[in-house]
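Trainee: Next come the chains, spelled out residue by residue.
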Amino acid sequence: MIRFSKYLWVYLLVSAIVLVPGVYSLVRFGLRPAIDFTGGTLLEIQFSRDVPQNIVELVANKDGLALVSIQKTSSNTYLLRMKPEGSENVAAFQTSLATSVGEIPEVVRNETVGPVLGKELLQKTLAAAIMAVIGILLYVAWAFKNVRFGVAAIVALIHDLLVVVGIFSLLGKYAGVEVDTLFVTAILTTMSFSVHDTIVVFDRIRELLRGKEKGGIAEISDMALTQTLGRSLANSFTILFMLLALVLLGGVTIRWFALALLIGTISGTYSSPFVATPILIFWERLAKKQK
Amino acid sequence: MLKNPRRIFLLLVILAVLLAVVDLPENYRVKIRVKTISIDRVINPPVLAFNALGIRFRKELKTRLGLDLSGGTHLVLEADMKDIPSGDRTNALESSRQVIERRINFFGVSEPIVQSAISRDSYRIIVEMPGVTDVEKAVATIGQTALLEFREFTDQNAATGSALAFPTLANTASVNISGGDLRRAAVAFSSQTGEPEVALEFNSDGAKKFSDVTTRLVGKSLAIFLDDMPITWPRVNTPITDGQAVISGGFTAEEARRLALQLNAGALPVPVTVVEKRTVGATLGAASVSQSIRAGLLGLAIVAVFMIALYGRLGMLAVAALVLYGLLTFAIFRWIPITLTLPGVAGFLLSIGMAVDSNILIFERYKEERRHGKPWKVAMELGFGKAWDSIRDANVTTLLTCLILFNPGNWAFLPSSGMVRGFAVTLFVGVLVSLFTGIVVTRTFIRVLYKEKS
Numbered sequence: 001m002i003r004f005s006k007y008l009w010v011y012l013l014v015s016a017i018v019l020v021p022g023v024y025s026l027v028r029f030g031l032r033p034a035i036d037f038t039g040g041t042l043l044e045i046q047f048s049r050d051v052p053q054n055i056v057e058l059v060a061n062k063d064g065l066a067l068v069s070i071q072k073t074s075s076n077t078y079l080l081r082m083k084p085e086g087s088e089n090v091a092a093f094q095t096s097l098a099t100s101v102g103e104i105p106e107v108v109r110n111e112t113v114g115p116v117l118g119k120e121l122l123q124k125t126l127a128a129a130i131m132a133v134i135g136i137l138l139y140v141a142w143a144f145k146n147v148r149f150g151v152a153a154i155v156a157l158i159h160d161l162l163v164v165v166g167i168f169s170l171l172g173k174y175a176g177v178e179v180d181t182l183f184v185t186a187i188l189t190t191m192s193f194s195v196h197d198t199i200v201v202f203d204r205i206r207e208l209l210r211g212k213e214k215g216g217i218a219e220i221s222d223m224a225l226t227q228t229l230g231r232s233l234a235n236s237f238t239i240l241f242m243l244l245a246l247v248l249l250g251g252v253t254i255r256w257f258a259l260a261l262l263i264g265t266i267s268g269t270y271s272s273p274f275v276a277t278p279i280l281i282f283w284e285r286l287a288k289k290q291k
Numbered sequence: 001m002l003k004n005p006r007r008i009f010l011l012l013v014i015l016a017v018l019l020a021v022v023d024l025p026e027n028y029r030v031k032i033r034v035k036t037i038s039i040d041r042v043i044n045p046p047v048l049a050f051n052a053l054g055i056r057f058r059k060e061l062k063t064r065l066g067l068d069l070s071g072g073t074h075l076v077l078e079a080d081m082k083d084i085p086s087g088d089r090t091n092a093l094e095s096s097r098q099v100i101e102r103r104i105n106f107f108g109v110s111e112p113i114v115q116s117a118i119s120r121d122s123y124r125i126i127v128e129m130p131g132v133t134d135v136e137k138a139v140a141t142i143g144q145t146a147l148l149e150f151r152e153f154t155d156q157n158a159a160t161g162s163a164l165a166f167p168t169l170a171n172t173a174s175v176n177i178s179g180g181d182l183r184r185a186a187v188a189f190s191s192q193t194g195e196p197e198v199a200l201e202f203n204s205d206g207a208k209k210f211s212d213v214t215t216r217l218v219g220k221s222l223a224i225f226l227d228d229m230p231i232t233w234p235r236v237n238t239p240i241t242d243g244q245a246v247i248s249g250g251f252t253a254e255e256a257r258r259l260a261l262q263l264n265a266g267a268l269p270v271p272v273t274v275v276e277k278r279t280v281g282a283t284l285g286a287a288s289v290s291q292s293i294r295a296g297l298l299g300l301a302i303v304a305v306f307m308i309a310l311y312g313r314l315g316m317l318a319v320a321a322l323v324l325y326g327l328l329t330f331a332i333f334r335w336i337p338i339t340l341t342l343p344g345v346a347g348f349l350l351s352i353g354m355a356v357d358s359n360i361l362i363f364e365r366y367k368e369e370r371r372h373g374k375p376w377k378v379a380m381e382l383g384f385g386k387a388w389d390s391i392r393d394a395n396v397t398t399l400l401t402c403l404i405l406f407n408p409g410n411w412a413f414l415p416s417s418g419m420v421r422g423f424a425v426t427l428f429v430g431v432l433v434s435l436f437t438g439i440v441v442t443r444t445f446i447r448v449l450y451k452e453k454s
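Respectively, the protein sequence lines represent chains A and Z. Under this note's numbering, the residue at position 6 of the first sequence is numbered 6, and the numbers go up by one with no gaps. Under this note's numbering, the residue at position 288 of the second sequence is numbered 288, and the numbers go up by one with no gaps.
Treat each hint with caution, since some may be false.
[Said to hold, decoys possible] Some chain Z residues judged to face chain A by a derived CB distance under 7 angstroms, without partners named:
(1) V21
(2) V22
(3) S95
(4) A117
(5) V274
(6) V275
(7) R278
(8) G281
(9) L284
(10) G353
(11) I360
(12) E381
(13) L405
(14) F406
(15) V420
[As the list claims (entries may be wrong)] Chain A regions said to be covered by chain Z (calculated; three or more residues, Cβ under 8 angstroms):
(16) 60 to 72
(17) 119 to 127
(18) 190 to 199
(19) 212 to 218
(20) 227 to 236
(21) 241 to 248
(22) 254 to 265
Just so you know, these hints were derived from the structure itself, not from any lab. Since we're looking at a predicted model, the values are computed, not measured. Glycine included, C-beta positions come from ideal geometry on N, C-alpha and C.
Using the sequences plus the hints, can you model the full thing?
Mentor: Here it is in structure tokens:
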């Protein structure tokens, strides 16, 4: 048996090393919202003949236009969504295109567009997430006949969310990474995954508590973690393979999304034995002291 | 009959074949030449069509992809702002945008993009929807202007006096209450006449305005217009301060229901017209999408190899069960149908992860029991039994989360649209199917196909 419970302070330290800079950055700098949340410029340009999409994309990037998406539409036109741009930059872009393509494209549309994901939907999603957290808390407390398990699972969940959001706040500050609607999905995925993983570990503790095993929660959880080690490792590896493939080989447009999922699942796997379980142990120690 | 694992196994094999047919690729050209036999034809998934009991049934089993993965239809709506003071125009455009978004979601178009677009004098709303088949219907849906308005008579005599006065746009003036001030509308039946009517409930802002107006107009008529037509012009007897009102205008029950539906989906504060429609490509970029699909498939292949390396023949059976899992989930996506978007695919991937985890849990339990010296058959059944508790509890919480995110009751304070729903629904279906494959399929495969020397 591995005495996991001997090194509780190490787990605290590891979490702190990841969490403190992230949360500091989150409070200080926040997240960098993408055009999905802020709105931007919608530009439509038309050529007289078929021009490959990658050329348009290349020229736009060279001109420093913050492109978010580029869609080809019928009759040789392109729809470009980007950060708010002044009309002089658009004119410059037209000239650059003219030198690369050999034709001045016509600007069919140049509009300021509103956000895709408005405040209303974001608030509702937040409300749903909070409701889900409460639901999970109640279910876990009921299924494990102990409110401590529910609270521990939720603390681990919040830990994982803060890890992802914090890291993306740092990435936003230092690498210009933006959070978009896909990021919201990654957060929701992290939520589900974190609880799923925690419950699997808790299940073993529950089983051992029911059985004939002697000892406090520390001994029991050490035993449970040792017994579930094989499963935890195997499970972590399958997830790692899947998401690493997406991060390293997937398309550019979903790279940050895949990274957010990867961070979320790693944190979700880590937090079950090293955040949720220590909380149970701490709680029992606290309860004993008060007696 | 289902007690016998061999029978279940047979059923599963038949199911797999059926599912494989449902999941056939679209427009996929097969070209095989073996010596003298050559096959060259285009494969398509089947279309179900039959007449049963006078009901015509037709279902095309095609994958629906979202805007981000395959593009769709792009509509531009122009808002007519001539009656709106210039200071309120941005607001009016935003509330129209919300109404249109709600309407589109209400009619089941999955994950549209609806955004406002302003350039100098033109106020527009851009709508992008996946797929191109339902464009006409969608345009009709958006264009339905349930323009609800409350108006007062400008001529005092007509207002106080005879019921003969017929309200028109000319002899009335708006009191600045419109469909945008509604919280909800519902069909009700009059307690006096039993006639169907539409009960209105204002939001806090609207209730205050309505209270002010009815206080001012006690003893006078207040006309209710729908799409510029007067419906009813009741006399205000007492001020209405609780934000509740009723429209009774000799509706049939069906008319009342339709009106309530339109008002619920929201009344447009500004009339809009479609000025443009055409097809557009994937927002994520076609190249990026296909690259990601390849990466995803590679990831899945590595997972399969890993499972086999770790658990040997058991791993192989688990992979076979997972293939069935994939076929079944995909078939359900086609059947319902669910529009797949990247968030949806994320939900699907997560559910695959959970399905793999179920198998890992069971096999690790099995190994443990074997270490305790149990014979393999007993160990296997024990493994399934003991792993079930954790699989159940873990998956129930996920299903719970999905239900809240999907918001099946269309509760106003929860998301009722877009990508959050897409994510929730694919995860929900995926987890349900993974429970089935984890418990029934893997188990049956092992009972029938697996032997170990004991």
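Trainee: It remains to establish, for every hint, whether it holds in the given structure.
Mentor: Cross-check of the supplied hints:
1. V21: violated (28 angstroms)
2. V22: Cβ of V22 (chain Z) sits 25 angstroms from chain A, so the hint is violated.
3. S95: violated (10 angstroms)
4. A117: OK, holds: A117 (chain Z) within 7 angstroms of chain A, min 4 angstroms.
5. V274: violated (16 angstroms)
6. V275: Result: violated, 11 angstroms to nearest chain A Cβ.
7. R278: holds (5 angstroms)
8. G281: holds (4 angstroms)
9. L284: holds (4 angstroms)
10. G353: G353 (chain Z) check passes; min Cβ-Cβ to chain A is 6 angstroms, inside 7 angstroms.
11. I360: Holds: closest Cβ of chain A sits about 5 angstroms from I360 (chain Z), inside 7 angstroms.
12. E381: With a minimum Cβ separation of about 17 angstroms from chain A (threshold 7 angstroms), the hint on E381 (chain Z) is violated.
13. L405: Constraint on L405 (chain Z) satisfied, holds at 5 angstroms.
14. F406: Interface hint status for F406 (chain Z): violated (9 angstroms vs cutoff 7 angstroms).
15. V420: holds (5 angstroms)
16. 60 to 72: holds (count 4)
17. 119 to 127: This one holds; 5 residues, not fewer than the three required, reach chain Z with a Cβ under 8 angstroms.
18. 190 to 199: Per the Cβ count (7), the hint holds.
19. 212 to 218: Result for this restraint: violated, n = 0.
20. 227 to 236: Since 6 is at least three, the answer is holds.
21. 241 to 248: Check passed, 7 qualifying residues.
22. 254 to 265: It holds: at least three residues are needed, and the stretch 254 to 265 of chain A offers 4 whose Cβ sits within less than 8 angstroms of chain Z.
Hint check: violations occur at hints 1, 2, 3, 5, 6, 12, 14 and 19; the rest are consistent with the structure.
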